[in-house]
Structures are given as structure tokens and as C-alpha cells.
Amino acid sequence: MADVAASGMPSREFNPWPATILVSLLCLAVLFLAPTAGVLLSSIKTTREIAFGQLWEMPDKLFLGNFAEILNNPAVHRYFLNTFLVTVPATAASIALGLLGGYVFSKLPFRGSDILFLIIVSGMFFPPQVILIPLFRLFNAVGLIDTLWPIIFVHTALGIPICTLLMRNFFSAVPNALREAAILEGANEWQVLARVALPLSLPAVAVLATLQFTWIWNDFLWPLILTNSDNKRTIMVGIVNLKGQYSVAWGVQGALSLIASLPTLIVFLFFQRYFIKGMTMGAVKG
Amino acid sequence: MERSARFWRVVLLAAPVAVFSVLVIWPLFSSFYYSFTNWNGFSSDYDFVGFTNYSKVVTDKLFLNAALNTVVWMVAAILVPTLLGLGLALLIDSRVPGGTVFKSIFYLPICLSAVVVGQIWVWIYQPNWGLLNTVVSAVTGYKLSYAWLAKPDTALGAVIVAWSWQQTGLSMVIYLAGLTSISEDLLEVCEIEGASVWQRIRLVIIPLLTPATVVVIALSVINSLKGFDILYIMTGGGPFHSSDTLAMHMYNESFKKYLMGYGSAISVVLFLIALTIIRVYFRQLKRVDEIYG
Amino acid sequence: MMAFTRRWILAVTAVAPTLSMIVSAGAAGASEVSISHYFTGELGKKGIDEISAAFTDASGFEMMDSPVGHEDFKAGILVRAASDSLPDVFSYWAGARVQFVVDSGDLSPIDGMWTREGLDDVVAASVAGSATMYDGTRYLVPAGYHYSGMFYNKSVFEDAGISDMPSDWEGFLALCEKLKGMGITPIALGSMNRWPAQFWFDYLILGTAGPEYRAALMDGSASYDDPEVMKAMSMWKDLVDAGNFAPNANAMTWTDASDMVARGEAAMTLMGTWITGYWNGQGLEPGGDYDFFPFPSISTGVPTSVVGPVDGWVISANVANREGAEAFLAYFVSNTDAQVKWATVQGALSANVNVDSSSYNAVMQKASATVANADHFAFNYDLATPPPVAEVGLSMFQEFMDDPSDYQALLNRTQTSAAEAFQN
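Chains as they are written, first to last, in the working numbering: chain A, 893 to 1178; chain B, -5 to 287; chain C, -19 to 404.
Errors might be hidden in some of the hints.
Stated by the list, open to error - Chain B stretches covered by chain C per the calculated footprint, using a threshold of three residues with CB under 8 angstroms from any CB of chain C:
#, segment
1, 34 to 46
2, 143 to 154
3, 227 to 238
To be clear, the hints were calculated from the coordinates, so they are not data collected in a lab.
None of the values given here were measured: they were computed from a predicted structure.
Built from N, CA and C at the ideal position, the CB exists for glycine as well.
Excised from the complex, chain A in its bound form (with noise of 0.2 angstroms):
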């Protein structure tokens, strides 16, 4: 859309709204940014000067430790690996699964898919700790308590709902006439699915990846009760563990969590592009 208000006056005269908007986000900027300077002070400062009451403060001098202490640490290395192993394939899959349910309630609906719809969305709406004892229990049955299968596993289930919603939303908006012209050309439902459906929800696939991604990267439930040995845990089970019953450990915690802050930021950089080709569900209806 245009900007709302510059355009269309004459332009000789002085428009205030572009500046007003300019420094009107930079005020936001920097209040939306204040807690986050925050996980960055608390990173080059030490415990004590954070328990003296400094968090806020400037530093004099940029104290390193902290991020020394991690990168150097073998154990995070390996954090990093496992939540890469858990998060890559749960996000891939929970999007695969969505993309299937969500062109069958869309396109192929049948008496019942309205209620069968209804339970998988609500799946949504559950705090997860209910289901963590049958599950655990159901893992422990097949023995795979203490890796990394479980893990993959109860994200790509819990990540059905929100992606067969979403999914279901955007292939509505896919005109069922490319489907019928597709199938009269001798197309089935997979080929219809694959190459007329999904390449016109492109950026439907590009929010989920992102959000699944952010999600399941950010979870430290499941890899806590799943594993057990220090060299399944993921990233976010390690920045908990740095404090002890009766430790702190807010500088290295701070430098942990900036750091695993990024593939996050990364992988919201990489496919943003890809939100703005038309995200929504009308938007692919011309």
C-alpha cells in the first residue's frame, strides 16, 4: 500500500507525516529495544557487578568472559548440534503433515472433515504439561527415552494444528477451477497438491517454517523431560541448567541466550521475503 498520508499532496508544501512517522518508530525502536539491551548488559557484566544493582548502568569496560566461557564450552557445541537435529526435521515435518490435512479439508471435504477439523485445531488450545506423562511414558515403552527421536517427534504433532489451520486457509483461497483444470488434464490430487496448490502458498510454508522454527527452538520442556544424558540436551535446557539451587549465573545465561538468539533472527531474515509476496489467505485470489 502506498504510504497513507504523503502521497497526493502538492510537493512544494512541507509534509510533516513522513518525518512524525520516522521519529515516531524511532521512540518505539528504542523502547521495544530497552529489555533487549538488557540481555546484552547482563552478557558483559559480571554476576557481581549485576548483583550490585549495575545491570543498568554503562559499562566501563567490555567484560568478555561470559561469551569466552561459552564458546569455549564443548557442551554447548553440542547443544547447538542436537537443537539443529531436533528443530530441522520437527519443523520440516509439522509443515509436511499440515500441508497434507490442510488440502483435504480445503479441497476435498467430506461429511465429518468440519468436526474432524475442529478436533485437530483444538489441539492447539492445551497446556502441554497435560500430555507429558502418557507421552513419557509412551517413549519409555519403545525405548526411546534419551534421544533425540522423541523430541522430533512431539513437536511434529503438536505443530499439526497451527499448520493444518493455516494451510487449509491458504489452499482455500487457491480457485478451485486450477484444481478441476489440472484433474481433466489427468493430474491426481498429489500432483495437484505439489504443483498447483503449494506453489501458490509458498509464503503460507515461509511463515511456518519461520514460526515452527522460532517455536521449537525456543522449547525447553520436552528436551528436559525426554533426555536425560548432558549430550542429548538441547540449547534451552543448557541456558536453564547454568543455574544451580543456590547459584546464579546471569552473565553466562544472558551471553548463552543472545547467542542462540540467532539462528532464530536468521531464519526470520531468510524467508521475511518470501511473507510479503502474499501472505494472507486473500491474498493469492486476484
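Please build the complex by placing chains B and C on the supplied structure of chain A, with the hints as guidance.
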């Protein structure tokens, strides 16, 4: 044709439905089962107690308190990030320089771990040297040492602010994408017709953003349940239950008081409430589908 | 699009075998003992690692370690117990919490090992009596224990001209008045996470009503609206009303309160000996920068009590490697090197009578002597009463610190909730 459709339905739905049934539906049923027992979680013995846990839900003052807080939490969790995100999207979309930088700044909070974000906000609200009181004292000249998280009146609100800060970027991104799909010609026509900025936003842009709003609200609702982490770290439902939500109450009863049976009953009730809300939501969604789909 | 799909499949085919290799678990060997504990953080983990390594050298058993931060540990152990797949050995808090797990049938008795290893001669009788036996059966060995006392900033006391530490309540009140007269807040308390407030309740009730009444309150045979509890709470209220506590206790954690004392903004804090680990880590000198005195006695004729937690090791009922698990427990408590190391990293006291107290720093030596001279060792509140009741009481302390004025009504409400919690 219909036979082939049936075939493809089965083929395409098999995997998602199977995974979802085994890993989500079945565990939920087991929770339903335990809600009729007095299981403590540790013991292998338990008795069936009929509807005792459910009648306890009705009389439990802490449940009622948590239910009310959940309503406040959900309403705020939907409204604040949605409106803020819309506002930011409108500002950024007006082609200011540095759009990507702004986008990244507003999105960054989602990328940070809940543990650290929670801790930082505790330090922002710290009464003596916290950022908030320091800034307020500097601006007003009056020394403020209010303990935002420690007072039952403000604890929940303070967490909602932190939570909104973290989630706004998400709705902003979705609204930004939605805005790109609104045709510029249409807006120019409005302008020539003499519509004011406010009229254009209210009468043209917001209605055309409805599909984006549907997505934003769905995401807000899901996320408001994930908000458990930050609430758990910042207040743990305290001080003395003033910021308890139903998810927190369920957690406390199941995992701190070891009343697994009662905790299960709470989750079943929570699930039923959610199901009702979601049906209403879908009715709205259907209406939207009819208009825009 | 097809190119995209094909590349995708290629990528998956390449990653999958590697993934399954890295993702899968190694099979557990017969010489391995699985262990889980809440000793996270740099020092706790280092302590366990070193002691485990020494144990492996001595015994041939290998420890499969799984540390979890202590709040999440509680949930994690519950989930594992619910699936009958507890680790062979895990750390747990002696007292009502272990009792709860014993009652649920999830622990293995260790009487045989205890006798075989002659632990009666190793573990201090006071700790052995209160922390290791449950319903007449032995279940736990103490890893270490803590004592809660009044830790103070030495230079603040010196500046105020205080050299004699108060031993009775009048002396304590006079001390507070003197500090306030100098413009110093006497007491810092950080009750944001609730539990630090419990030590005040513990010492006040133990000092006025005595250990027997307190035990009755903890097991539900006495009630929170008794005159004994009312009296203790009214003394606490008087302390708060007189302005002895730093404001906004509920906005501070125990480390915030400790920091206030370290900075000299408050004079003292009632806290466990782990505070020495925290302060030493920040470069404070035990005995030089800080010291402690025992909580003053209140009523005459009441036995002197000390309060603190005992961290213990227990063996699960579903233990896979009993021999290794028992060997670890015996080693951990009886090996003096392990005990000294553990006490040092945790800021804890050792329950092993053979540990020479000269291995402690000056402050810990004093703490050890204080515990030895006391008539009675009591678990702190949340370890002394069943977990569902402790939840009720801890919230009550927090509400009290927010506004103590109507403590009678608060106690009446607490009794209603506590009675309900005892029934479950």
C-alpha cells in the same frame, strides 16, 4: 471421480491423523481417565473417585481466581499484540527508510529464550534499581520504588506487558504481509474521493486485512497458552496466586501438590472451555470465508 | 517446484542416516548406574563430575549423569516415577518430600547396605535419626546438609559498634533498634520465590512453642489457628511493623536480599549456609566480610533448635543396577575426600563424622559447631510438612509479608486450606 477422491482423502490424511491421534488425542484421553482418580503421580496405586475432582473444580476458589485471570490474560494477549502489531505495520509500511531494520528490532524479542526474557523483565520491574522506576523517577523527579511484580494488583498486568512486548513482532509481520496485498489503486481512488487517513484505515485497510487478522488472532490464542513459560519465570502465579492462570493452576495442583487426578480434571475443564471458544471462532471464520474466500 | 522437491528429498536422504546415528542412544552397560540430581550450575556439576570420576576409579561403576535445575527436577522426577522409570540413584530432599515418595512405593530400602558398610559409625547420629529413616526403614544417605542462621555484614556491625551478638529476643530487638538508629535497615528478606520467608516462621514457632508442637503442626495434628501459631505470627508482625525488614520483600529473591547485605544496605539476612557459597563466589571473605550468629532463643525452657535442609541420595524401586547404586551411596557419604569436596563446592556441611571440621572455612566451622551444640535439628518448613500443605503455607508467608496487619484472618484461612490439603 468420487471413488478417487475417497482414495486420496485416505492417503493424504493418513499420516497427519495417525501422528496426531497417537501423540495428542490418546494422551488427552489418558488425562481424562486420570481425572476420575485420586492418583498422586508417584504411586502406582490409585482409586476411582467418580466426579469428586469435578465437584472440587466448582468449589475451588483458586480455580475461579485462575479462570478470571485467564480471561484477562487471553483478552489482553489477543488485543494488545494485535493492535500494537497493526499500528507498527501501518507505520513501517509507509515506506520509511530502514524498514527491514525496524522489522528486525520489533521481531527480535520472539527469538530470545523465555528464561532470559523473564529475568530481564524482573530486572526492569525491580523496585529500587529497575529500569522502569529509574526512568519514571528521572522524568517526574519523584522517587518511585513501587514493586510491580510483588503487588497483587499489578503482577498480572506487568507480565502481560512483558508478554505483549515479546509477541507484537509476530502480528506486525503478518499484518505487513497483509498490507502488501492491498492494491495501491484502490487507496488512490479513496484519496481522490477525499477520504481522510483515518477513514482510509478504518473503512478500507482494516476490513481488507480481515484475513490477516484471522491468522493473527489464531496465533495469539496459541501463543497465549505458550505464555506459561514467561509467567512461570516472572511470578510463578504469585504473589499468592494473584497472577495464576488455569494452566498455572493445573501445573501447581499436578506437579507441586501432586494432585494428579485433580490437575487432570482442571485440564479437561480447560479443554472444554477452549473447545467452546474455538467453535465460536470458527463460526466467525466461516463468515469471513464466505465474504473473502 | 519439482526442483525444489527433488533438492529437498536429496537433502533428507543425506541427513537421515547421520541423524539416526547421532540421535540414537547408546545401550546401557551392566557397569553403568543412572543418576539424576538438581545440582546444576557450574560448581554443583563440577563437584558431581569429579566425585563420580573418583568413584568410577575406585569401584569400576560408571555414572550416567543427568542434572536438571531444581524446579524442573521436581516435575521431571514425577514424570519418571509415573512411568516406573526412575533413574537408579537420584537426589531428593530429606523429610516430608522423601516420605511422600516412600509412601508411594517408589524407593528401595537400603538397610542391608547401611549395616554392611557400617554407616552407623559414619553418619552423624542427629542427621541419621531425622533424615535417613522413614517408617522404621532406611532409605536415604545424606549428601550434605545446610544450616540456616543470621548472616550479617561485618563492617556494618562494626560501624554500628556492635560486637556482642544477641542470644535472646530482647537482645535481638535492641540490636535492631540500634541499627535503625544509625539509619541502617536491620533485616533483608527476599520472599519473591516464597521459601526464604519460611525460616522466620520456623525459628519463631520453634523458639516459642517448641519442637514437639511444631512437629504436630507439620503433621496436621495441630492447627494454624492455634494460639501458638497466632503468637509466633504476632511477634513476626511486630518485627515488620517496627520497620525492621527492608521494604518490598516480595519483590526480591534470596540473592537480592543477600546482595543488599553485601552492599551494606541492610545488616543481616536469615538464610541457609549456601549463602556462603554465593558470597565467596563474589569475592567476599568468610569471617572477614561476613559472619553469622544463631537465631536468638525466645522463650526460656524451650530446647534450642536449628533449622535446615538435608540433601540426600536415594535408590529407586525400579533400580536396574542395585549393586552399583548402593556402592555409589556408600562411597559418597563415607569417602571423606568426596565429602570435603562436596561441602566446599556447595557451601554445605558434611554429615560424615570423620570429616575434620578444619577443612571448613571459619564461618562454616562455626556453623558446624552450632549444629552440634543444638538440642534439636529440624527440617525447614517446606521439607517438614507434606508438599500439598507446604504449598499453602508458603503462599501464606508471602501474603503475610505483603500485609501482616490481619494475620489472624490469614491464619484462619490457611487452616481451612491446610486441613483440606492434609486430607488428600
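Going through the hints against the structure:
With a threshold of 8 angstroms between beta carbons, the proposed coverage of the segment 34 to 46 of chain B by chain C holds, since 6 of its residues qualify and at least three are required. Judged by the Cβ-Cβ criterion of 8 angstroms, the segment 143 to 154 of chain B is covered by chain C as claimed, because 4 of its residues qualify and three suffice. Requiring three or more residues with a Cβ within less than 8 angstroms of a Cβ of chain C, the coverage given for the segment 227 to 238 of chain B holds, as 5 such residues are present.
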